[in-house]
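Protein chains: 4
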Amino acid sequence: MIQRSFASDNNAPIAPEILAAITAANEGDAVGYGDDPWTARAIARFRQHFGEETDVYFTFNGTGANVVALSCVTRPWEAVLAPASAHLQTDECGAFERFAGSKVIPIATEDGKLRIADLEPYLLGGHGEHFSQPRVVSISNTTEYGGLYEPDELRELCDFAHSRGLLVHVDGARIANAAAALGSTPRAVTKDLGVDILSFGGTKNGLMGGEAVCFFDPALSANVALFVRKQGMQLASKMRYISAQFEALLTDDRWLTYAAHANTMAQRLLAGVSNVPGVTITRPARANAIFATLSREAIARVQKQFFFYFFDEALPEVRWMTHWATTESDVDEFIEAVKLAVLPLS
Amino acid sequence: MIQRSFASDNNAPIAPEILAAITAANEGDAVGYGDDPWTARAIARFRQHFGEETDVYFTFNGTGANVVALSCVTRPWEAVLAPASAHLQTDECGAFERFAGSKVIPIATEDGKLRIADLEPYLLGGHGEHFSQPRVVSISNTTEYGGLYEPDELRELCDFAHSRGLLVHVDGARIANAAAALGSTPRAVTKDLGVDILSFGGTKNGLMGGEAVCFFDPALSANVALFVRKQGMQLASKMRYISAQFEALLTDDRWLTYAAHANTMAQRLLAGVSNVPGVTITRPARANAIFATLSREAIARVQKQFFFYFFDEALPEVRWMTHWATTESDVDEFIEAVKLAVLPLS
Amino acid sequence: MIQRSFASDNNAPIAPEILAAITAANEGDAVGYGDDPWTARAIARFRQHFGEETDVYFTFNGTGANVVALSCVTRPWEAVLAPASAHLQTDECGAFERFAGSKVIPIATEDGKLRIADLEPYLLGGHGEHFSQPRVVSISNTTEYGGLYEPDELRELCDFAHSRGLLVHVDGARIANAAAALGSTPRAVTKDLGVDILSFGGTKNGLMGGEAVCFFDPALSANVALFVRKQGMQLASKMRYISAQFEALLTDDRWLTYAAHANTMAQRLLAGVSNVPGVTITRPARANAIFATLSREAIARVQKQFFFYFFDEALPEVRWMTHWATTESDVDEFIEAVKLAVLPLS
Amino acid sequence: MIQRSFASDNNAPIAPEILAAITAANEGDAVGYGDDPWTARAIARFRQHFGEETDVYFTFNGTGANVVALSCVTRPWEAVLAPASAHLQTDECGAFERFAGSKVIPIATEDGKLRIADLEPYLLGGHGEHFSQPRVVSISNTTEYGGLYEPDELRELCDFAHSRGLLVHVDGARIANAAAALGSTPRAVTKDLGVDILSFGGTKNGLMGGEAVCFFDPALSANVALFVRKQGMQLASKMRYISAQFEALLTDDRWLTYAAHANTMAQRLLAGVSNVPGVTITRPARANAIFATLSREAIARVQKQFFFYFFDEALPEVRWMTHWATTESDVDEFIEAVKLAVLPLS
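Protein chains in written order, with our numbering: chain A, 9 to 354; chain B, 9 to 354; chain C, 9 to 354; chain D, 9 to 354.
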C-alpha cells in the first residue's frame with residue numbers, strides 16, 4: 009500500500025492522462041531538440057491559452073525555467089528584485105547568480121508578496137554604475153507561503169514596475185493552483201494583468217517533469233532564448249516527451265482539474281485541522297499548502313505516519329501540501345493522525 | 009507509418025522495457041530529489057557495474073552531465089583539454105565555460121581522438137598564473153567521428169594524464185556502443201583503464217531522457233557534486249522517473265542489447281553502401297555512425313525519404329546513425345534509397 | 009586655488025611621501041608582475057605588521073580587493089553574509105556575483121554592523137543542496153555609516169563565525185581609520201580578534217591607488233590567490249609602483265598619520281556643526297565620516313562652495329568626509345559655510 | 009647601477025614626461041571615478057586622434073582592457089575568434105571566459121596573424137543554438153610574434169568580418185609600436201581600416217599603468233561599457249592619475265617618440281645579432297621584439313647578465329624586447345654579451 013505524502017506536490021506521481029500522452033508519443037522516430045509535431049502542438053496549445061504571439065520554451069525543471077526566463081532579460085549588471093522568500097532566492101542554490109552573473113536583491117516581506125512600497129527604496133537610482141541596475145521584478149504565484157496575488161494587486165504591481173522600466177516575471181510553479189483558486193485562467197492571472205514572463209509549472213501539477221517559459225512579448229526572447237536555454241543545459245534532445253505532457257495538460261482543462269483538486273483537498277484538510285486544539289494555522293491557505301504550528305511531539309507522531317517537512321524549525325512550523333492525487337480518504341486519515349497526535353500521551 | 013530517421017540516435021523512441029519501467033514507477037508518492045527507492049536501486053545497479061565506491065549523479069541531458077562532471081573537478085582558472093571535435097567544444101554552446109568560468113582548450117586531431125603527443129604542448133607550464141592550468145582531459149568514446157578508443161590506447165592516455173596531474177573524463181553519451189563494439193563492458197572500457205569520471209549516456213541508448221555522472225573516486229565528488237548538480241539546474245524533483253529508466257537499462261544487460269543492436273544495424277548499413285558507386289565511406293565505422301561522401305544531388309534524393317544531417321557541408325559529407333529501434337528492413341530500405349539516389353537521372 | 013572636497017576620502021590627492029616613493033621606484037627596469045624588490049619589501053612590511061605567515065596580494069582597487077579576497081574562499085554554491093549596507097552589496101555593481109558566481113546575502117542592520125543574532129537565521133541549514141551554503145561573513149570596518157566595531161564586538165563575531173564554520177573577511181578600505189580611532193593597530197583590530205582575511209585599504213588613505221588582500225592563514229590563499237588575482241584582472245604588470253606606495257605607507261606609521269589626521273579633522277567638523285541649529289547629526293561619527301540632515305535649501309547652498317554627496321536623498325541626509333589632506337582651515341571654512349547656509353534668507 | 013631588462017616592455021620604468029604628468033595632477037582634491045578635468049582632457053585627446061565620436065574607457069591593465077572591450081559586445085553564447093597565440097588566449101588566465109561566460113575559439117596560425125581563410129571554417133553556421141555564435145574577431149597588433157598587420161591586410165580582414173556580421177577588436181597593447189613601424193598613426197592603422205574596438209596600450213609604452221578601450225562606434229558601448237568596466241573591477245576611483253598619463257602620452261606625439269625609439273633599438277639589436285654564428289632569427293622583427301634560437305648554453309650565459317624569457321623552451325627560442333628606455337649602449341652591451349656567449353668555452 010502506498011503512503012500518501014503531504015510534503016510537496018512534487019512527491020506526486022504522474023497523472024494518468026499525462027502518462028498516457030508520454031506513451032502515445034512513443035511512436036517511431038522524431039527529430040530532436042523540438043523540431044517535432046508534439047512540440048508544435050504543445051506550443052500551439054500555449055498560444056491558444058495565452059495568445060498567438062506567446063513565445064514558449066520548455067525546460068526540464070523549475071530552477072531551469074526561472075533561470076532561462078530571467079537570463080533572457082538581464083545583463084550581468086542588472087538585478088532581479090524578489091521577495092526574500094522566493095524559491096529563486098532560497099531554493100535554487102544561486103543558480104541564477106552563477107549562470108547570469110547577476111544580482112538577486114531579496115526583499116523582506118510579511119507574506120511573501122511584493123508590493124509597490126517594497127520596491128521603491130531600490131529604485132532611487134543615484135549610484136550610477138556602482139550599483140546593479142534593477143531590471144526585473146520576480147514574484148511567485150502562488151507564493152511560497154501558500155498565498156496568492158489578487159488580480160488587482162498584481163495589476164497594480166505590474167503597472168508600477170512598467171512605469172519604472174522594470175519587467176515582471178512570475179515564478180508560476182503553481183500558477184495553475186493560483187488560477188484555480190481564483191476561479192480564473194492562467195492567462196487572466198498573468199498576461200492580462202501585465203506580467204511579461206511566466207515560468208509555467210508542470211512538474212508540480214501532474215507532469216513527470218517539465219516547465220514552460222512563456223514570453224508574452226516575443227521581443228524579449230527573440231534571438232536570445234534559444235541560446236540561453238541551450239547554454240543553460242535545459243534543451244531536451246527528445247523534447248517530444250516533455251511537449252506531449254504539456255499538450256495533454258493544456259487539453260480538456262486538465263491543468264485546472266489537477267490544480268483545483270489539489271486546492272480542494274487542502275481546504276478539506278484545513279477544515280479538518282483548524283479547530284483541533286494545539287494546532288494553529290499560521291498563514292492564509294489560498295491554494296494547496298497549509299502552514300501550521302503544533303507541538304514538536306505532535307509533529308513527530310504525525311511524521312511517523314506521513315511524510316512532510318518542517319517549514320520553520322524554530323517555531324516549529326510545518327507545511328502540509330496536497331496534490332492532484334491526494335484523495336479525500338488520504339486527507340481524512342491525515343486529519344485523524346493530527347487529532348491523535350495532539351492528544352496527551354496516556 | 010513512421011519513417012525511420014538516420015539522423016541521430018536521439019531521434020529514437022523510448023525502448024519498451026524503459027517505458028515499462030517509467031510506468032511501473034508511477035505508483036503513489038515518492039520523496040523528491042532522489043531520496044526514493046528507485047534512485048537507491050539505480051545507484052546500486054551502477055555500483056554493481058562499476059564498483060561499490062562509485063558516486064553517481066543523474067542529470068537531465070548530456071550537456072548537463074558533462075558540465076556537472078567537469079565543474080566538480082575544475083576551478084575557474086583550470087582548463088579542460090579536449091579534441092576540437094568534442095561535443096563539449098562544438099555542440100554545448102559554451103555551457104561549461106559559462107557555468108564553470110573555465111577554459112576549454114580545443115586540440116585539433118585527425119580522427120577525434122586525443123593522444124599523448126597532442127597533450128604535451130599544453131603541459132609545458134612556465135606561464136605561471138598567466139595561463140589557465142590544465143586539469144582535465146575530456147574525451148568522447150565513441151568519438152564524434154564514429155570511432156572509439158582501443159583499451160590500450162585509453163590506458164596509455166590515462167596513465168600519461170595521471171602522471172601529469174590531470175584527470176580523465178569520458179563523455180560517454182555512447183559509451184555503451186563503445187563497449188558493445190569492443191565486446192567489453194562499460195567498466196572495462198573506462199574505470200579499469202584509468203578513467204576518473206564518466207558521463208554515462210542513457211538518452212541515446214533507449215531512454216526517454218537521462219544521463220549519469222559517475223565518479224570512480226568519490227573524493228572527487230564529495231561535498232561538491234550535489235551542489236554543482238543543483239546549481240547547474242540538473243536536479244530532478246521527481247527523480248524516480250530518471251532513476252527507474254537507468255535501473256531498467258542496467259538490468260538484464262539491456263544497455264548492451266540496445267547498443268549492440270544499433271552497432272549491428274550500422275554494420276549492415278555499411279556493408280550495403282560500401283560498394284555503391286559514388287558513395288565513399290570517409291571514416292572508420294566502429295559503432296553506430298557512418299560517415300560518407302556522395303554527390304549533393306544524391307544526398308538530396310535520399311533526404312526526401314529519410315531524415316539525416318550533413319556533417320561537413322563543404323565536402324559534402326553526411327552522417328548516418330542507427331539506434332536500438334532501427335530494423336533490418338529500415339536499413340535495407342535506406343540502402344536501396346542510396347543506391348537509387350546515386351543512379352544517373354534518366 | 010584648490011577647493012577642498014568633503015565628498016569622499018578618494019577625492020584626496022596622493023600624500024607627498026607616497027608620491028615620493030613612486031618617484032623613487034622609477035629607477036631602471038624591474039621584472040613584471042611582482043617579482044621585484046619593491047614588492048618584496050612591501051610584503052615584508054605587511055608581515056612586520058601582521059605576522060610572518062601573512063599572505064599578501066596587491067590589487068588595483070577596493071572592489072578588486074574584495075572580490076579577490078572572497079573568491080579565494082568561496083565556491084559558487086557558497087554564500088557571503090554581509091550587511092545590506094556593505095560596499096560589497098551596494099557599490100560594487102555585483103562584481104563578486106559575476107566573477108565568483110556566488111550569492112551575497114544582504115542582512116538588514118540598524119547601523120551597518122553585523123551581530124550574532126543577525127547571522128543566526130541564515131545558519132539553520134536544513135535546505136541541503138537547495139540553498140547557497142554560508143561560508144564567509146564579510147563586514148566593513150569602519151562601516152559605511154561611519155561607525156566601527158569595538159574589539160570585543162568583533163572578537164565575539166569572529167568566535168561565533170568560526171564556531172559555525174564561517175570565515176570572517178573585513179573590507180578594510182578604511183581599516184586605518186578604524187585602528188586610529190581606537191588608538192590601536194591594524195593587526196590588533198583584525199587578525200588578533202580572529203579576522204581571517206583583510207582587504208587593507210590604501211587608496212582612501214593617501215595612495216594614488218592600490219589595495220592589499222591579506223590572508224592571515226596562508227592555507228586559505230595557497231595555490232589559489234595568484235590565479236584568482238590574475239583571472240580577476242587585478243595583477244599589475246608594473247607592480248613595483250603599487251608596492252612602493254604600500255612600502256611607504258607602512259613605514260614610519262604613515263598609515264596612522266594620515267588616518268588619524270583624517271579622523272581628527274572629522275571630529276573638528278563634528279564639533280563645529282553639532283550645535284548649529286537646523287543641523288542634526290544622524291549617526292555616531294567614529295572616524296572620518298559625518299552624517300547629518302539639514303534642509304534641502306541649506307544643502308544646496310553649501311554645495312555651491314563644497315563638493316559632497318547626498319547619502320539618503322529622501323530625508324535628506326548628507327555625508328561629509330575628511331581625509332589626510334583636509335586642513336583645519338578647510339574644516340573651518342566648511343563649518344562657516346554650513347552656518348551661513350542654515351540662516352534664513354534675508 | 010641598473011641593469012637593463014630585455015624581457016618585456018613592461019619591465020621599463022615610467023617615462024619622465026608621464027611621471028611629471030602624474031606629479032602635476034597631484035594638486036588638491038578631485039571628484040572620483042572620472043568626473044575630473046584630467047579625464048575630460050585625456051578623452052578629448054583620444055578624440056583628437058581617433059575622431060569625435062570615439063568612446064573611451066580607461067582601465068588598469070591590458071587584461072582588463074581586453075575583457076571590458078570584448079564583454080561589451082558579446083553575450084555569453086557568442087564567441088570570440090582569435091589566433092591561438094593571442095594574449096587573450098595564452099596570457100589572461102581565462103579572464104574573459106570567466107567574466108563574460110563566453111567562448112574564445114583559438115585558431116592556429118603560422119605567424120600569429122588571422123586571415124580570411126582562417127576564419128571561414130568557423131562561420132559555416134548550421135549548428136544553430138548548439139554552437140557558440142561567432143561575434144568578434146580579436147587580433148593583436150603588433151602580434152605576439154613581433155609582427156604586424158599591413159594596412160591592406162587588416163582592411164581586408166575587417167571588410168570580411170563586417171560582411172559576416174562580425175566585429176573586429178584589436179588588442180593594441182603595442183599599437184603604438186605598430187603605428188610607428190608603419191610610419192603611420194594609431195588611427196590610420198585601426199579605425200580607418202575598419203577596426204571597431206581598440207585596446208590602446210599605455211603600460212608597455214612608458215606609462216606607470218593604464219590602458220584605454222576605444223569604441224569607434226559609440227553604439228557598441230552606450231549604456232553598457234560603464235557597467236562592464238565597474239563590474240569588471242577596472243574603474244579607478246582616483247582616475248585622474250591614469251588620465252593624466254594618457255593626456256601626456258597623447259601630447260606632442262610622445263606615444264610615437266617612445267614606441268619609435270623602442271622599435272629602433274630592436275632594429276639595432278637585430279642588426280647586431282643577425283650575423284652572429286649560432287644565432288638564428290626566427291621571426292620577422294617588425295617592431296620591438298626579436299625572436300631567436302641559440303644554444304641552451306649560450307642562452308644561460310646571456311641570462312647571467314640580462315633578464316629575458318624563453319619563448320619556446322623546447323627549441324629553445326628566446327624573445328628579446330626593447331622599450332622606450334632602452335639605450336644604444338644597452339643594446340650594444342647586449343650584443344656583446346650574445347657574441348661572447350656563443351663562443352666556445354676556452
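Note that these hints are calculated values from the structure, not bench results.
Quick caveat, the model's predicted, so the values are computed rather than measured.
Check each hint, because a few of them may be wrong.
What the hints assert, rightly or not - On the chain A side, residues computed to face chain C include the following (Cβ under 8 Å):
hint, residue
1, R83
2, P84
3, A87
4, C101
5, E105
6, E118
7, D119
8, G120
9, Y130
10, L132
11, E137
12, A227
13, A230
14, P324
Ideal Cβ placement from N, Cα and C applies to all residues, glycine included.
Consistency of the hints with the structure:
no.: 1; hint: R83; result: violated, 10 Å
no.: 2; hint: P84; result: holds, 5 Å
no.: 3; hint: A87; result: holds, 7 Å
no.: 4; hint: C101; result: holds, 5 Å
no.: 5; hint: E105; result: holds, 5 Å
no.: 6; hint: E118; result: violated, 14 Å
no.: 7; hint: D119; result: violated, 18 Å
no.: 8; hint: G120; result: violated, 16 Å
no.: 9; hint: Y130; result: violated, 11 Å
no.: 10; hint: L132; result: holds, 6 Å
no.: 11; hint: E137; result: holds, 6 Å
no.: 12; hint: A227; result: violated, 25 Å
no.: 13; hint: A230; result: violated, 25 Å
no.: 14; hint: P324; result: violated, 11 Å
Checked against the numbered hints given earlier, the structure breaks hints 1, 6, 7, 8, 9, 12, 13 and 14 and satisfies all the rest.
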